[in-house]
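So the sequences go chain by chain: A and B. Residue 266 in UniProt numbering sits at position 266 of the first sequence; the count goes up by one each step and never skips. Residue 542 in UniProt numbering sits at position 542 of the second sequence; the count goes up by one each step and never skips.
One should not assume that every hint holds.
Because identical chains cannot be distinguished in the list, a pair is counted as satisfied if it fits within a single copy or across any two copies.
[To be verified] Taking lysine to aspartate or glutamate and the EDC-like style, the derived pairs with C-alpha atoms no more than 20 Å apart in a straight line are: (1) Lys161 / Glu432; (2) Lys418 / Glu259; (3) Lys403 / Glu259; (4) Lys426 / Glu285; (5) Lys60 / Glu160; (6) Lys195 / Glu304; (7) Lys426 / Asp152; (8) Lys25 / Asp498.
If you are wondering where the hints come from, they were derived from the structure by calculation, not from laboratory data.
2 protein chains.
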Amino acid sequence: MSWEDLAAKRKAQVLDAIPQEWRLKELPSGDSVMSVPAESGLLSADELTITESSAAALVKSLAEGKLTAVAVTTAFLKRAALAQQTVNCLHSFLPEFALARAKYLDEYLAKNKRTVGPLHGLPISLKDQCRIKGFDTTMGYAGWIGQIDEEDSVLVSLLEKAGAVFYVKTSVPQSLMVCETVNNVFGRTSNPRNKNWSPGGSSGGEGALVGFRGSLIGIGTDIGGSIRVPSAFNSLYGIRPSHGRLPYAKMANSMEGQETIHSVCGPICHSIEDMRLFMKAVLQEQPWSYDSKVVPMPWRVGEEDVIKTKIASGSLTLGIYECDGNVLPHPPILRALKTVQEKLSAAGHSVSAWEPYKHPFAVDLANRVYAADGGTDIFAALSLSGEPAIPNIKDLVNPSLEKVGVNDVWAIQLEKWKYQMEYLSKIREFEERTGRELDAIIAPITPTAAIRHNQFRYYGYATAINVLDFTSVVVPVTFADKAVDVRPDGFTPLTKIDAAVNAEYDPEAYHGAPVAVQIIGRRFTEEKIMAIAEEVGRLLKL
Amino acid sequence: MSWEDLAAKRKAQVLDAIPQEWRLKELPSGDSVMSVPAESGLLSADELTITESSAAALVKSLAEGKLTAVAVTTAFLKRAALAQQTVNCLHSFLPEFALARAKYLDEYLAKNKRTVGPLHGLPISLKDQCRIKGFDTTMGYAGWIGQIDEEDSVLVSLLEKAGAVFYVKTSVPQSLMVCETVNNVFGRTSNPRNKNWSPGGSSGGEGALVGFRGSLIGIGTDIGGSIRVPSAFNSLYGIRPSHGRLPYAKMANSMEGQETIHSVCGPICHSIEDMRLFMKAVLQEQPWSYDSKVVPMPWRVGEEDVIKTKIASGSLTLGIYECDGNVLPHPPILRALKTVQEKLSAAGHSVSAWEPYKHPFAVDLANRVYAADGGTDIFAALSLSGEPAIPNIKDLVNPSLEKVGVNDVWAIQLEKWKYQMEYLSKIREFEERTGRELDAIIAPITPTAAIRHNQFRYYGYATAINVLDFTSVVVPVTFADKAVDVRPDGFTPLTKIDAAVNAEYDPEAYHGAPVAVQIIGRRFTEEKIMAIAEEVGRLLKL
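Work out the full structure: start from the sequences and follow the hints.
Rendered as structure tokens:
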């Protein structure tokens, strides 16, 4: 069978798995599909309520027996089915598997009068790098179709221990090395707010699904923005924890074994409350006993409390930058930064300029790592079926290029370490100069609001943070507004890519697109940065 | 100037720095030099008392003003001078620098009525990978002579903040990749207990100096036993913390930037009490604010307490193995393991057989990493002066060999990760089977007692633990005894190297040689493993 036929067959499986009664009679005509769940008539009022609830509220109701896992799972299956039909975000749709699990959980609770764990009955969506025993992981490669996984990824098995229900796997871009979501098997995923926009990537299937509320907590991964960009483009919260905080083991990946810049996993969700539920549930399962790369660091309430105290007294100390020296963000992003700064300042916190130290160097270093093997690893995956590379990664996949050698790898790693330490010294200098501890840095995560398809060009706001291995939490701030986000006069590009990114801005085309910022902290500051992100979110709603 | 002349001149600097009045009139004639300090007449009674004290007791007396930093520093300078004259362990002898620092500390205390920090006035010896601004680091390479360091290593600067005094740097084997101590600049370092034995390596200068009590706490590094072997061969305690616990930044190294198996730093000392003093002092300085590879993990008293409670109730759970499947240890080591097992069992603890999972695989993996660049990096350092490789590393340094490529590096790293996780699963299986949490594993650290020069062949007991990145603490147990450690009958070698190691055993030649074991815990279990090591040491003295 040709790879095209294999791909078409595999893609059809997803739709085939959706029961007829959950199918839309006709597809919506507008750019946005956000109103489909309410208007389709396919979800009951209760199901709409469930899917528009929070994960924290759901697990409470589930534990109290006010909701059944079957009811909750059914609601999310139905909403995910609508997401698939409207934005094409799924890799696998697993209603029977999910409902059997939900039934087991309901019976367990009825019999034992206690939950399996803190996520008892909560459906969690999985990016198609996560392996579930008995199902396939393709990462959008035609050549991987039908390779059935024989064991769960560590995170999957720990979430299961904590009581989660798995019901979908979500689509990714071929190779994962792109911040949009398109591959030769499942095609392109769109942004539920506007079909002309990307949901971001590489966890773009998750971004679209969670943005659509076909899931409340979705697992993403991030080596260069792949959790944070879909979070930003779908008006969601997302965390890129430091490497070693959450278990990545036994997930599929590109360039497996590459440890110079570690890909990390983390949740994409609607609130910090839900993010905290997830983080605490995973850490409670002691992931370090399963994944050797995880540091034995339980959830640290004391770290949260430090921030809460500062919030209460209006004494957070924050740095902020709006341009990394390579690419100036579009007007909606600059406005969002200004809004966040004003809200925080009005609450008494100190927000001062942060000089983004040698970010262009960091971005270049990251690119050298991503391209270190000339795409040999990705090329091998493509060669299994003979499918072509998607246009977005054509430049990356060129195995005829000279690859770096072992001494080059070591040299790059040494450069990375030195750069990371220089960054720490800049933080210490800031703290010595101001006499205040720097709690976080606020920055763009992309130079654009949710972007039009095939226009994602500049990854640097994300990748510099991956090089530093800093914790980063994305906070949704606002939406692009053609009335206020006008093109400024007198733009002089900093770089060639700056000119290209700037040229892409069109107030009309981006009107209504989600706009976010990232809040960055040093390594292993998840508790602190989440607490700050929560406060920023609260202030934005005042 | 030829490299031989440069080396001779540099070596002479060390002796030249020793004042005439601290020089031995004649060198001792016996094999052991352990009695030299007491018999030389060069140290006063007070100086003997000081150098035979503990670091913990000294910092207490220093803080209380009962001892001056000048007096303590002078005592250790003198004893280190004797060590240099008898076992040739130093790279740099720095009396003026040290005494100026000690004087400053005494004045500070007198003026401010408080110490600079918890190590106020304590001399700490530094392996010659540590950089001190204004002095050179040669790592025994003739080509590096005279390159003056422009900044301190991070650990050095944090120890200085904590109040330490630096007075010597100690010798290492050329390239560091050897568990003996010999190079073309400073020659060979001997074991103070017997000039025919090695002090181990690569932190062998430290091992010999601390063993001689020319230092109470010395800084070593360990990528394949280099802290633990010198600790074992000099009847000392030493810790190989997990990577990321202590700051390694800005130290010199071979194969800098190699991150597949991280070299780590740690103390070599006379007791766990002193080790704890050191660890707490360094962690108190928040090394993670300076070295990006350090995890923000303060000293965790709670982890210690868990072990203390188990000790009090005689309920530790320990695994033990005597052979790793590659090389059977010599009789003194097997006896030491049996002794430790008996002492622990008698105290009520559970000690059961641990199957050393695929250690030969781990050892092979480590060797592939160490040899990944065919010695290109080391060869470059040798080429600076034209000096030859020491015989011990000749096989390692062969840049004409094919080097591994970037995809090979990734493949090795993936193998490493999988192996580490398989090991964790073996621990979980043990725990599920026994219903008990595994607190530690007791094992040989070398197959031999302190070894005769040029006989160190098998690194595997150490390197398997480096591959796992497990915490390991060496505990001195006993001394080889020709009366009891007889050659067993009917030895059948497991491997070629097993035959060679076995052939080296000679009860007469090893009589009196220090014998140790290592106590191993999962990643980042320093507090726990140190508490267990302390208890083992206590039980051995009963």
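Results of checking the hints against the structure:
In this assembly of identical chains, the alpha carbons of Lys161 and Glu432 lie at most 20 Å apart only when taken from different copies (16 Å versus 46 Å within one copy). In this assembly of identical chains, Lys418 and Glu259 lie within 20 Å of each other by CA distance both inside one copy and across copies; the values are 16 Å within and 14 Å between. Taking the shortest alpha-carbon separations for Lys403 and Glu259, both the intra-copy value of 16 Å and the inter-copy value of 19 Å come in at or below 20 Å. Proximity of Lys426 and Glu285 under a CA criterion of 20 Å is satisfied inter-copy only: 18 Å between copies versus 36 Å inside one chain copy.
For the identical chains of this complex, Lys60 and Glu160 are intra-copy neighbours only, at 17 Å inside a copy versus 52 Å across copies, given an alpha-carbon limit of 20 Å. When the C-alpha separation of Lys195 and Glu304 is checked against a cutoff of 20 Å, the pair qualifies neither within a copy, at 39 Å, nor between copies, at 57 Å. For the homomeric pair Lys426 and Asp152, the shortest alpha-carbon distance between copies (18 Å) is at most 20 Å, but the shortest distance inside one copy (42 Å) is not. Taking CA atoms no more than 20 Å apart as the test, Lys25 paired with Asp498 passes in neither setting, with 44 Å inside one copy and 75 Å between copies.
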